[in-house]
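> Protein chains in written order, with our numbering: chain E, 1 to 306; chain X, 307 to 564; chain D, 565 to 961; chain G, 962 to 1353.
Possibly wrong hints are sitting among the right ones.
Unchecked claim - Covered by chain E, according to a simulated footprint, are these stretches of chain D (three or more residues, beta-carbon under 8 Å):
# : stretch
1 : 661-674
2 : 735-743
3 : 884-894
4 : 929-937
Stated by the list, open to error - Simulated restraints, written as ranges between beta carbons of each label pair:
# : chain 1 : residue 1 : chain 2 : residue 2 : range
5 : X       : D547      : E       : V170      : 58 to 64 Å
6 : E       : G4        : D       : V769      : 36 to 42 Å
7 : X       : M522      : D       : P630      : 17 to 23 Å
It is worth saying that the hints were derived from the structure and are not from the lab. We put the CB at the ideal spot given by N, CA and C, even for glycine.
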Amino acid sequence: MDPGLLAQYVFNGLMLGTIYAIVAVGFSLFFGVLDVIKFSHGDVVTVGAFSAFGAAGLVAAAVTLPGPLALALGLLAALGAGAASGMLIGRVLVLPLKNAPAVNVLLATLMAGTVLREVIRLGVPNGGNPKPFPALLPEGVLAAGSFSVGIDSVIILVAGIAVVVATHLVITRTRLGLAIRAVAQDGEVAQLAGISFSRTVLGTFALGSMLAGLAGLMLGLYYREINFNMGVLLGIIGFACAVVGGLGSLIGPILGGFLFAGIQTGVTVVLPFTSAYKDVVAFAVIILLIGLFPTGLIAEKSSERV
Amino acid sequence: MSALLACNGLTMRFGGLTALDGVDIAVGKGETVGLVGPNGSGKTTFFNVLTGLYKPSSGAVRFAEADLFARSPQEIGRAGVARTFQRSRLMLDQTVFDNIAVGALGRLDLGLMTALVRRSRFRRQLSALVEQATALTRRFNPQIAANLFRPAGSFTMIDRRRIEICRALIGAPRLLLLDEPSAGMTHEETRQLMDDLLAFREEMPDLAIVLVEHEMDVIRRISDRCIVLNFGKKIFEGPFDALIADREVQTAYLGGGE
Amino acid sequence: MSMLQLAPTLDTANGRSVGLQRVVVALTVAVLFAGGGFLLHTEEQGQVIALLAAFVALFALGEKLPAGRRVAALCVAHPGTVNLTAAVMVLAIAAALREEHYTLLMMATVALFATAAAGLTLQMAFAGVPNFAGAAFFAVGSYVAAVLGTSGIPHLLVLVIAGLAAAVLGLLLLLPVLRTRGHYAALVTIAFGLLLRSFLEVNDVLGGPQGMKVPSFSLFGLSFSRVTEIGPYDVSFYLPYALAGCFLFALAFAVVRRLEFSFAGVALDAVRSDEVSASVFGLSIARWKATAFLMGNALIGVAGALYGMMNAFVNPNSANFGDSLIMLSILVLGGLGNLWGAVVASVVILVIPEKLQAIQEFRLVIFALLVIAILRFRPSGLMPRVTRDFSSFAKEG
Amino acid sequence: MKMKKSLSALACAALTALTLQPSAGFAKDTVKIAFIGPLTGGNSATGLGGRNSAALAVDLHNAKPDAKYTYELVPFDDECKPNVGVQVATKAASDKSIIAGITHYCSAVAIATVETYNRFGLPVVVWGAVLPEITYGNDFKEIHRVNGTMINEGKMAAEFLTKQGFKTFVVIHDTTDYGKGQNKYFAENLKPQGGDIVATFAVSPDQQDFTAELTKVKELKPDVVFIGGLTPLGVRVRSQMDRLGIPAQLAGVSGIMSAGFIEGAGQAAEGTVSFHNGAPLTKYADGKAFMDAYTKAGYREDPDAYGPFAFSAANLVMDAIDKVGPDRKKVRDVLNTTKGYKALVGEVNFDDHRQNIVSANVYVAQDGKWVYWPDSAYAAGTKKLPGKTAGN
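Bound conformation, chain E alone (with noise of 0.2 Å):
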């Protein structure tokens, strides 16, 4: 295959990988401090992208701004959404249904999902259609050979990836992250050295969800497309690469968001006039991998007493 090609095609599973690293990481550390599933996770990226959408849209008809300005703004506001709903549903639902059985929890937040989505739908006018999201990055196209890509699409790659970085650093090298490990490893023993388990939590859910509001920005840049209806199979991809990672690892995620991404492109690759067969292979290959790993890649620390 033309080496072009190739490149073009690496970079494409790239890029998919890292947003679905950045979101499954969000589910892996909900499940570290709570055991729990949140499932509204896929639809805390539409809200991001939607608010960074409003915000940017609002400004730029008000006023002309330059382009790092609207941008700033847009990832303000894609933060601070993505937090605000994420700490949100975390209060309101999560937190107090934490005794409540995992499937309990797993619906509550399906459901609330719904309502964001639907609030979406309703709110925006014509929210029903996509939307196009502005180009707030530099525009411009680099190439080599058959191998083009836009100047802003490396931007996004090298923010995700930093970002991911940046989680990391935040988990092992911050007092919240401290936190969230410590909760993690044992809620009530944290609770003991003074840690509080609620603010805590909400400090995971926050920052995951900033996660998610940023995953949405980064998709509307990227796409320069979105609607009502994106979050929800990124949801349940993002929640397929935590499980096959791993829940509750840092690392585990983004290699279950890489190996997907790239299962995706892969086959379409492979197999270009039956590319529609991807998902199935996609989704077979996941039951797969969790029948030879059942507590996925990287194993989470058994810490059942007996």
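Since the structure of chain E is already known, use the hints to place chains X, D and G on it.
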């Protein structure tokens, strides 16, 4: 006469950690053995290996002439080894009877045909089991027997412990493993429970018991023989009085920071 | 819980008051079913809202007032009377609404989804095996009905084969499901549902995205869709479906009930609540999880086959994740392990949104908020599972 | 104790219900007609546009001083799901006060419900679903359709695109019956015209990322990328084509001919060609009046591509009822013989399968609007289709 249970060179490694290091333990029919040692000395690990929850790394386990080394928990349970747990593992929202029935499931007819179609057969088994459970719980506390169909969660800590012991006994085991029966109970409650056990012991002279316990008083009252583990190794075996006098045991306890 | 603590005092009642108790139970159940039937039928928004308010009030009374709790406890103590009254009421409602196509269609739909919920009950409420692909196994049943329905095989047998097919397909997932727990096992089933749907859509062998036509169910040569009258009465062709659906649910109910009240039921509960102690007491975790998973899928498959025959078509969209979630919602909202709860939740989830057509595009968001409210304020469901009590069985035997 | 309480509660309920019933006694008889379409979910934009348009038709009709009946539109949400569709169809059809229906945008739902309407004898006019089998796959007298089928669109697309000099094509279609059907009729008609399909990608309708497929497309260098799918798919493919620097012409079926496509794809939409079996609103005699009335009514959503069809279908149904009274059989017979009916979308003529005979028209996205091809700068030669500047 050969021992009921004979473990030879039993070794259990978790990665780099050796939790059991070549332990030899033998228990005879009708004998009560107290297993002591500082925290992390391998007592509960020994139970977990013995009941098949952990797969031992090496060694030999014979129980009633059968080879039980590295068998599944199911096989070991059916062979006649029953246990209680350090942390209560009852189904608190289910009735006492249902909890106790779990201990008897190994010998009951669990077939779907019996469940769905041959209900009279099921009823007969059920009635018999209710009688047994009533008789068994009455020995420990008549109040439990009278409230056999109330949720286990509505009972006090000591009664829950009794229910757990009844669950282990209903299957008529030949070896009973008690993992810290005094945990979470007051001295008075512990004493009561020991009285119950001793009384029960009288009626079941063939039942062998291995008891993990921190309360030396309990060990003294109930056990025929004591074994001390430290860092996964057996450092002492003998009667209780000798244990008190043993220097190595004393250092283990002082050093282990009980 | 409180209703249970009352139960022993009731046992001491003498024979005459037992008769009276039965009457009270029968009347209570009859009123509830009459209200349910009316709810199914009425289209007036005011009546729907008033009925819903009445049900909420009734439930509240049943819990808050001592007298209400007593009646609830009586219902628990006399399951036979409850079941008999329910059966009579279903027949009465069906007879009264014999010409109402839409009501009967919804009645059959509720019964069939409740049957599927019975399958999920075995899996999730008893064995603790998550199944997020209920709609997929349901659709498998419909597809089997579509393929075999015209082959000349008696349709009763087709239902059985549909159940077997769903169970066999479930076998594919057995290994990963047994090796994993909790969210990991949940993902296996989610992935399977998405995979199956995608496959059916892409692959044209089973009709591709358009799906297949399913022949009408026929029993001993009588095709249900041609039924227009019974004796002197004009009836809707949905009447036999509604009755067949309710009959199927009754069967599923009996299976689940008997299983629950047997040693196998105790074994399942033990496996779900604590795998460690269950295995120490000699129970094979794999055996019980597999049994529940396969039996559950079989029940779902049978219900799906009849549903497909009633709707006359099946397509890949029937297997979508959203519908699996609907089944799951029925289970959780009803109260894990309580089949009457599943019936109530089926009505709440399937019928009420249809009754709320007046709010049109706001339906979904209001519905989602309703589910959240129930989960938030009644985490154990509308009708929590009643603790199994073997005492009455033991006495009779 | 509880019995009494519950009974009295029930009595209360019944009383409240009675008092809540609207009081009868209008001067004119009220006649109900059903509207069924997707009001929630991914296709709700079109569904709501259709509903608003039908509601507008009813309001305008009721406002006429000489109107015989007062019409009431009863909207139902089919969620674009076939089983829900059958439920609401049964509900509408078994409600004897509903005389006729304006039904369905999603083909999968429309095809699943035809038997229900036939069985219950409810005459319906399909306002948006384009699968040919809905009318041609059966001989049910109850089923009519004002919009054209995908056969018209596919044929027109094949003829037009080859006439423009495009030779190689890549088709991206979704795996629903809509997308698969569009692919089928386009491919069938393209061959005789001498066009060559170099690759066909079937994709899931909710797929977000097409870079893998489009990289393959880049390798194949086709003249045209043809979309068989709905607006979201079209928007995504169009935006991502730009991202990968694919110069090909984008063409699509009526599913992408929406305001949403232009809005969603933004600048990139320019020059996209679509085929739709209606003419632009401005070409219709009453187009401007419709748009003015629609704006005045203050709906929250745009009428979208199929709004005018829903509007026309509603008028067709109401005029039929005006003619013969609220009797399903008679209304059906009147609808069956519709010839030369003047509707917003032009003359409605039903063939022997009660399918409106329409020819597809070509549209091009120009300056942020869908423009009727003959009126466009592209046809006039002042602008060039993007595929031509690069490919040819």
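> Give a verdict on every hint.
Status of each hint after checking the structure:
Residues of the stretch 661-674 of chain D lying with their CB closer than 8 Å to a CB of chain E number 0, which falls below the three-residue condition for coverage. Coverage of a stretch by a chain is defined here by at least three residues with a beta carbon nearer than 8 Å to that chain's beta carbons; for the stretch 735-743 of chain D and chain E the count is 4, and the condition holds. Note: the stretch 884-894 of chain D has 4 residues with beta-carbon separation from chain E under 8 Å; the three-residue rule is met and the coverage holds. With 5 residues having a beta carbon nearer than 8 Å to a beta carbon of chain E, the stretch 929-937 of chain D meets the requirement of three or more and the stated coverage holds.
At roughly 59 Å, the beta carbons of D547/X and V170/E sit within the given window of 58 to 64 Å. In this structure the supplied range 36 to 42 Å holds for G4/E paired with V769/D, their Cβ-Cβ distance being about 38 Å. In this structure, M522/X and P630/D break the distance hint of 17 to 23 Å, their C-beta atoms being roughly 51 Å apart.
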